[in-house]
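*Asks:* Single-letter residue listing:
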Amino acid sequence: MSHEESATPGFEGVPPELIGHHFDGIARQNEAMRLGMWLFLATEVLLFAGLFCAYSVYRFEFPVAFEECSRHLNIPLGTLNTVVLITSSFTVALAIHFARTDKRKASAICLVITLLFALGFLGIKAIEYTQHFHEHALPGKYYSSEEVKAPGAAMFYTLYFLMTGLHGVHVVAGMSVLSYILWRTLQGRYSSTYYTGVELGGLYWHLVDLVWIFLYPLLYLI
Amino acid sequence: MNETLRRLLFLPVQASTFARDLDQLHFFVIITTFIMSTAVGVTALIFFARYRRRSENQTTPHIEPTWWMEGMFIGIPLSFFLLWFFLGFHEFVRQQTPPSDAMDVYVQAKKWMWKFAYPDGPNSINVLRVPAGRNVRLLMTSRDVIHSFYVPEFRTKRDVLPGRYTQIWFNATTPGRYQILCAEYCGAGHSIMRGEVIVLKPQEYEDWLSSQKRGLVARQDGSPTELDFSPPLGNLVDQGKRIAAEQGCLKCHSTDGTRHIGPTWLDLYHRREKLNDGSFVDADEAYLTESMMDPPLKVVEGFQPVMPSFQGKISGPEVAALVEYIKSLQSDAVRTGPSEGPAYAPVRGR
Amino acid sequence: MRLSEADSQRLAGAAAPRAPSYLVDGTTVMSWLNTRDHKRIGVMFLVAVLFFFLLGGIFALALRMKLLQPGPFLIDALSYNRLFTLHGIVMIFLFLIPSIPSAFGNFLMPLMLGARDVAFPRLNLASFYIFLAGAALAIWGMVHGGADTGWTFYTPYSSTTPTQVFPILLGVFILGFSSILTGLNFIVTVHTMRAPGLGWMRMPLFVWSIYATSIIQVLATPVLGITVLVVAVERVAGFGLFDPARGGDPVLFQHMFWFYSHPAVYIMILPAMGVISETVAAYSRKNAFGYKAIAMSSIGIAFVGFFTWGHHMFVAGQSTFDSGAFGILSMFVGIFTAVKVFNWVGTMYRGAIAFRTPMAYVCGFLYFIVFGGMTGIALATTSLDIHWHDTYFVVAHFHFIMVGAAVMAFLAGLHYWFPKMFGRTYHEGFGLVAAALIILGFNATFIPQFLLGNEGMPRRYYQYPEHFQALNVASTTGATLLGFGFLIILIYLVVALRWGKPCAANPWGSKGFEWMTDSPPSTHNFEEIPTITQMPHDYRTHEPPGVIRVA
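Residue numbers (the numbering used here), protein chains in the order written: chain P, 3 to 224; chain C, -12 to 337; chain W, -1 to 549.
The hints are simulated quantities; they were obtained by calculation from the structure and are not laboratory data. Where a beta carbon is used, it is the ideal one built from N, C-alpha and C, also for glycine. Any given hint could be a false lead.
To be verified - Covered stretches of chain P (chain W as the covering partner; in silico rule of three or more C-beta atoms under 8 Å from a C-beta of chain W):
1) 19 to 30
2) 144 to 157
To be verified - Sample of chain W residues with no beta-carbon within 10 Å of chain C, all distances over it, derived:
3) Leu59
4) Ile90
5) Leu130
6) Val141
7) Gly195
8) Ala352
9) Arg422
10) Ile489
11) Lys499
Here chain P stands alone, though its shape is the one from the complex:
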């Protein structure tokens, strides 16, 4: 934290245009933004909770089909994707660290790497989706796969596509957030006195990662 004297009390060396007129200082604004982000993450968790709830109900109802379908998913690709996402979470954490220590360039490079990982994740997911299309392992009325015939297989794929699809949308949303932060970083907006934006973008990306960490065992492993 900076200890230098600034013109206005509470601004702590942050350019005044970064602080809303209604806040009496940067500390207040940072607190507000962090709380807002955590609340938003809570709503995201509840958005997925609905689908997790549906998953547990139907898993209880069709245990055999769900187990068989889960074995038919491409586990190596799924695992690879998990590794990719966890690594990208690490690079985001690094980006925050570098932003905090005024290493703007390193921070930008880490963000770029994260974005590349995210693209990689989507690419691998696309390969998996293509396989499902070839096998006709599709949701609901489109399901006509020869692999698993137990009742409930179509339901598994309904949930699989809904959950991974919604997660995919979140990956794309996270990428746009990170791109915006990358742009701002290159503009030189963040520094050791003001890096809340990077921090919040990183938080969102961790959530995207966290959701996948729940999806991966539920869909692929058990």
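With the hints as your guide, set chains C and W onto chain P.
*Replies:* Chains C and W alone, transformed into the frame defined by chain P:
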């Protein structure tokens, strides 16, 4: 007392073993509710008068409730609420648990009719006959959307779900006729999805059942027909009329020319109908049959595609009978005005 | 107690140089549409919800007119089904949910907290436009065919009916976002924007209730979002998550739907309770009796409200055990309301009550919430619900809460804060006449509906057996009275807006914190952020409200 309160609260007659017990709790709860809400309202009014403002800028003392006051605010209503809950839940468990000696009737609901089937005998449309004084369990399922079986006089109700069976039981005490209502919204015909429970004296019920069974056997010996449990076959038009009533066609289609949920059947045969995509169709046998099997395909202008498909629900002979019945509905037979020449639709092309 | 020079000048009525009020600070249309000012956003929300209230009210009157006759009358079955669906959707998603939180909450909460604005002003404006977008999409769906599912969207009916359900589902999904963003904004505001000296246990009760409401909005709405989204996907793509023909479970839909929609009931009623807490204290010139009990019961309702959704499904095929558990939890939710009611009555005790228009609504509110609330308890008494479920008894019960309580509170707040918002006063005589008409008309409309439910008339009935007609006619008569009442309000408030007498900064002599500043306030609310040294509504002295500054 019971009867006065029942009438005062507009409750229907008590025709099952549940009704009286439920109504007692009902009276207890509602009377308490009346007393409480009036007491609060009147207290507020008294305070309005007693503590009215006497001068602008009047000051008032700072008053905080003591802990026992708040305890009372919580404790007294809570004890009432819990008492009601335990009384009610006791009764609820009783209603949820059919006795083992109950007589079973299978119920199938669909848009917008009730079908009842007895395990050892007849089935019927929209009319359920049960003996008085005997436990009856209904095993219910739906063919399309969610419905709900409701007989106000029995104080009993249960949703009827597609894809699973739900059960309900009752013991009707008083012979008579009671309306069955559908209580879960199910579309255009929701409010006319009504049936009837006829509670018979036990002996009458046995007589009815055996007569039904005789009829069944007689027909099994006779001609092999797909039309179950129907009275002796009449001509095709009469059959069609009966099928139209049974299948619920007449809930949406009138036969006297009035406009209802669907187009009227009067003069329908060979009518030139304008469809909602602007084209025209001749309502011949082919179109009528197609409309029963795949209704949304060609919908007459000004109507909504709400008719369910009857594919697999009515057999070939039944379709034929329905078409014959529609053909017979011609207003020419009763035309009173001067006769007109035949109208020809110009044939274009060729 | 020391006053700063500026404050004492203003209180003395001296001609201190004033910042222009928010109403005249920029008069172009764009200065409104592009504003970040919470007060302007609040006023825009107010206009929008009043428009939707009018729309929903017209639908309601059309329904009641049809029900004069047991057979087909005026409109056909399909139009009737669409009308009640639209009535429900408009009233719930476009009026009740945003009414008090988004309109009054936006306007008043920063004033009550001594803040210059909400925490995220841009997000606040975004929330308004998301609301408009969702509303526009829903209305577009209504004009192009409408939905006939009822506002509950029960599957499999909603996934099979050929009407335009898709745009309306999508509209509801978008409206949910608006609700989430507003709630999020308010929670953060309460946590971070309180003025110096304004501890949690000094916050006005209205803020407490908005805070509790926001918690529900943030935590419950995403579940509704995903539920309607899945139904929408099911309609266009046939995924079959709730379709029994594909192994789906329609009861799961009901669980997920009510997980939102039961707490949503508290989104509608909690802010109303907050309004009542403020008006009772202000017009009785008394501190809120049992301040802590009222504040904590708001949080209690928000918490327990999440665990009672199953009482909508006693006859829908959930297990007996579930019904018992949800039934008993519902009893506890009732207790929090009871605590509030007794404390409101206690607030009047030894007060100095001025019987103004808002107080008339408070009186109606107290009666309606006790009657409506206790019939709710009666419905949660599992066995009684079997007879009443999906009948007009339920309709009457929730109208007692939603109209009898929530709308009465909305009107009380509208009258109490009208001078605050627009700096003008309305005609008191017309106000009292309209209040009397509305309370009378309301009783005449909905008490017959309780009796209809007892008699066994199911809800959403286009045609009904003839023995229900007398009560239906009575109900329609009441609805007409109610309609007239609202019309009178509309007229005299519009008149007051233009020609009403300009009023002082604090015409009611209220000591609520929102009266610390001018009426109407300037764009930045306060010339200097006040320091709070006392509880709200402390009428032990003659001191003017709040503006107590340590120099």
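*Asks:* For every hint, state whether the structure bears it out.
*Replies:* Hints, verified against the model:
1. 19 to 30: holds (count 5)
2. 144 to 157: It holds: at least three residues are needed, and the region 144 to 157 of chain P offers 5 whose Cβ sits within less than 8 Å of chain W.
3. Leu59: Holds, because the least Cβ-Cβ distance between Leu59/W and chain C comes to about 20 Å, which exceeds 10 Å.
4. Ile90: Ile90/W is indeed farther than 10 Å from all Cβ atoms of chain C, at 16 Å.
5. Leu130: holds (30 Å)
6. Val141: Answer for Val141/W: holds, closest chain C Cβ roughly 16 Å.
7. Gly195: Given a closest Cβ separation of 18 Å, the condition holds.
8. Ala352: violated (5 Å)
9. Arg422: Non-interface label stands for Arg422/W: nearest chain C Cβ at 20 Å, farther than 10 Å.
10. Ile489: It holds; Ile489/W is separated from chain C by about 27 Å at its closest Cβ, greater than 10 Å.
11. Lys499: holds (17 Å)
In summary, the one numbered hint that this structure violates is 8.
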